[in-house]
Amino acid sequence: MAYFDYANGCPVDERVIEAMLPYMTDEIGNPSSVHSMGLKARKALDEARDRVSDLINGKEGDIIFTSGATEANNLAIIGYSMRNKRKGDHIIVSSIEHMSVINSCKFLQKNGFEVSYIPVDRNGVVRIEELENSIRKETILITVQHANGEIGTIQPIEEIGKIAKEYDIAFHVDATASLGKIEVDVERMGADLVTLSSNDIYGPRGVGGLFIRKGVRIQPIIVGGGQEKGYRSGTENVAGIVGFGEAAEITEEEYREEAKREEKLRDEMIERILDGIEESYLNGHPELRLPNNVNVRFSFVEGESLVLSLDMEGIYVSTASACTSKTLEPSHVLIACGLKHEEAHGSLLFTLGRGNKEEDVDRLMEALPRVVERLRMMSPLYKKKS
Amino acid sequence: MYSEKVMEHFRNPRNVGEIKDADGVGEVGNPVCGDLMKITIKVENDRISDIKFQTFGCGAAIATSSMVTELAKGLTLEEALKISRQTVADALGGLPPKKMHCSNLAADGLRRAIVDYLKKNNRMDKIKELGLEKELEKMEKGELDDHGELCEGV
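Chains as they are written, first to last, in this note's numbering: chain F, 1 to 386; chain G, 387 to 540.
Hint data in this document are derived by calculation from the structure and do not stem from the laboratory.
Cβ atoms here follow ideal geometry from the backbone N, Cα and C, with glycine treated the same way.
It is possible that some hints are incorrect.
Simulated crosslink set (DMTMM-like; lysine to aspartate or glutamate; CA at most 25 Å straight-line) [said to hold, decoys possible]:
| id | chain 1 | residue 1 | chain 2 | residue 2 |
| --- | --- | --- | --- | --- |
| 1 | G | Lys428 | G | Glu519 |
| 2 | G | Lys514 | G | Glu430 |
| 3 | G | Lys484 | F | Glu343 |
| 4 | F | Lys340 | G | Glu430 |
| 5 | G | Lys406 | G | Glu390 |
| 6 | F | Lys214 | F | Glu257 |
| 7 | G | Lys484 | F | Asp5 |
| 8 | G | Lys391 | F | Glu313 |
| 9 | G | Lys438 | F | Glu373 |
| 10 | F | Lys229 | F | Glu249 |
| 11 | F | Lys43 | F | Asp5 |
| 12 | G | Lys484 | F | Glu132 |
| 13 | G | Lys391 | F | Glu159 |
| 14 | G | Lys484 | F | Glu329 |
| 15 | F | Lys229 | F | Glu263 |
Example chain G residues on the side facing chain F (calculated, C-beta under 10 Å, incomplete) [as the list claims (entries may be wrong)]:
| id | residue |
| --- | --- |
| 16 | Phe396 |
| 17 | Glu404 |
| 18 | Cys419 |
| 19 | Lys424 |
| 20 | Phe439 |
| 21 | Gln440 |
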């Protein structure tokens, strides 16, 4: 088998599982309990917090643990905007954000906020001038992802951070796709709020975090017993958080070398696909790209049938087009990049990880040209054009 | 997500291709929505003697096309017109709800191929008798389908 779907599902590192196990069996204290077992759990949380913080150079703020990146994005955007609405009611967001960002903004729109969606160029890079031009005196928050999980494009995040600072606007960065792939340094980014995910760095699922810079005020969206300094109530997922901390420490030590390895594999994959299959095109930026991302579109065929065909060969990939979504709309990211609907429908997303080897690429290239050809032979569009 | 029968038709689609000297051609779908289907038929004594399909689309679109050709082969035109989207879905052991609408166009494609055949043979009486005037109207207007407005973003 060859698995190219790490962005959608990542294995948990054995060392992480090892670190988590005691917190599911023996160290069962609740961090809020005053007895010594509670204290031990509290210490484990603090240690995990430090480790995650170290990975992103987060000493000028706090990490709040959440149930994942979706909750962290909700907390950052809704929590910040609700808390600061007296300062203004305008938010700026890129048009290729994750749905948890887009839908947080849409939620705010329904609640009286105004949102500007900033377009991207054909490679998926946010148009900075348009971003700057859309700033008003009511603007309180700019939210732009560090890198796009679907097309891999890395944003000019430091430049956007400088603009936010110049206009004294809070800056939220969704670093879900970039953490553990490229450097995430909240100081260099100039970010006030940063979304982090555990599973994307080989930690357990169901855990994420939000970096909140000192002095930045947000309102909780989950209320209750006041855990996580009141920002996120609910008994802490101690084992999961310990796992996230362990994964962060391992990532800090190992990601640079791994990124180099994956980048080589990525470039080889892109070259072999584009060379080996006619009318195939790279989506996303050719250089400013995550080391583990390959997104290619194939004319005249549809993505889901490619995924199913590759699945039959033991090759696991994703469609970039959301053809199984309720509306059957293709990916909003690809459409924002200016692709036609039929082009967006024919795109495949490959995301690499630690387990991928050269042989996986060989295996893919043995099957992919054949699969594309077979579906093209079935396609009425192919005939018309050739 | 899909039934075994759908996957079986996806893996081994029946009657793929295009009949060169077809008696009737039916096209439905919309590449914008991610689906386009072309059905070609040969007709002898008002019976479908041969049928082939070409499809651009997801797994369900390919499987429903394949199934409709299998169901329709050998049927009289009247019998073939009774094949509905539901007939096709049932024959495939069901389809996921969201695929029932956009990706299950094969029966419509077949109907259009039959209308095209009747029209080419100047059999307007038959078209009227079978209640296919509306379909013919849409085809003459060049409307590919009637579900475009339901696909958001189009």
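Hints, one by one, checked against the model:
Only pairs whose Cα atoms come within 25 Å are accepted, and Lys428 (chain G) paired with Glu519 (chain G) is accepted, the gap being roughly 21 Å. Distance hint between Lys514 (chain G) and Glu430 (chain G) is fulfilled; the C-alpha atoms sit about 21 Å from each other, no more than 25 Å. Of the pairs offered as hints, the one joining Lys484 (chain G) and Glu343 (chain F) holds, with about 21 Å between alpha carbons and a cut-off of 25 Å not exceeded. With a CA separation close to 41 Å, the supplied pair Lys340 (chain F) and Glu430 (chain G) exceeds the 25 Å bound.
The straight-line distance between the Cα atoms of Lys406 (chain G) and Glu390 (chain G) is roughly 32 Å, outside the 25 Å bound, and the hint therefore fails. Taking the CA atoms of Lys214 (chain F) and Glu257 (chain F), the gap is near 32 Å; set against the 25 Å cutoff, the hint is violated. For a cut-off of 25 Å, the pair hint linking Lys484 (chain G) to Asp5 (chain F) stands: about 24 Å separates their Cα positions. Taking the CA atoms of Lys391 (chain G) and Glu313 (chain F), the gap is about 18 Å. The hint holds against a cut of 25 Å.
Restraint check: the Cα-Cα separation between Lys438 (chain G) and Glu373 (chain F) comes to about 19 Å, which is no more than 25 Å; the hinted pair holds. For a cut-off of 25 Å, the pair hint linking Lys229 (chain F) to Glu249 (chain F) stands: about 23 Å separates their Cα positions. Proposed proximity of Lys43 (chain F) and Asp5 (chain F) is contradicted: the alpha carbons are some 35 Å apart, above 25 Å. Distance hint between Lys484 (chain G) and Glu132 (chain F) is unfulfilled; the C-alpha atoms sit about 40 Å from each other, more than 25 Å.
Pair hint Lys391 (chain G) plus Glu159 (chain F) does not hold up; C-alpha atoms about 54 Å apart against a cutoff of 25 Å. This hinted pair checks out: Lys484 (chain G) and Glu329 (chain F) have alpha carbons roughly 12 Å apart, not beyond 25 Å. Note on Lys229 (chain F) and Glu263 (chain F): the hinted pairing is violated, with a Cα-Cα distance of about 39 Å set against a maximum of 25 Å. Taking 10 Å as the C-beta contact cut-off toward chain F, the hint placing Phe396 (chain G) at the interface holds, the least distance being around 6 Å.
Here the hint on Glu404 (chain G) is kept, as its CB sits about 7 Å from the closest CB of chain F, short of 10 Å. Annotation: Cys419 (chain G) was flagged as interfacial toward chain F, and the flag holds, the nearest CB pair being 6 Å apart, inside 10 Å. A distance limit of 10 Å between C-beta atoms decides the matter here; for Lys424 (chain G) the minimum to chain F is near 4 Å, and the interface restraint holds. A distance limit of 10 Å between C-beta atoms decides the matter here; for Phe439 (chain G) the minimum to chain F is near 8 Å, and the interface restraint holds.
Taking 10 Å as the C-beta contact cut-off toward chain F, the hint placing Gln440 (chain G) at the interface holds, the least distance being around 4 Å.
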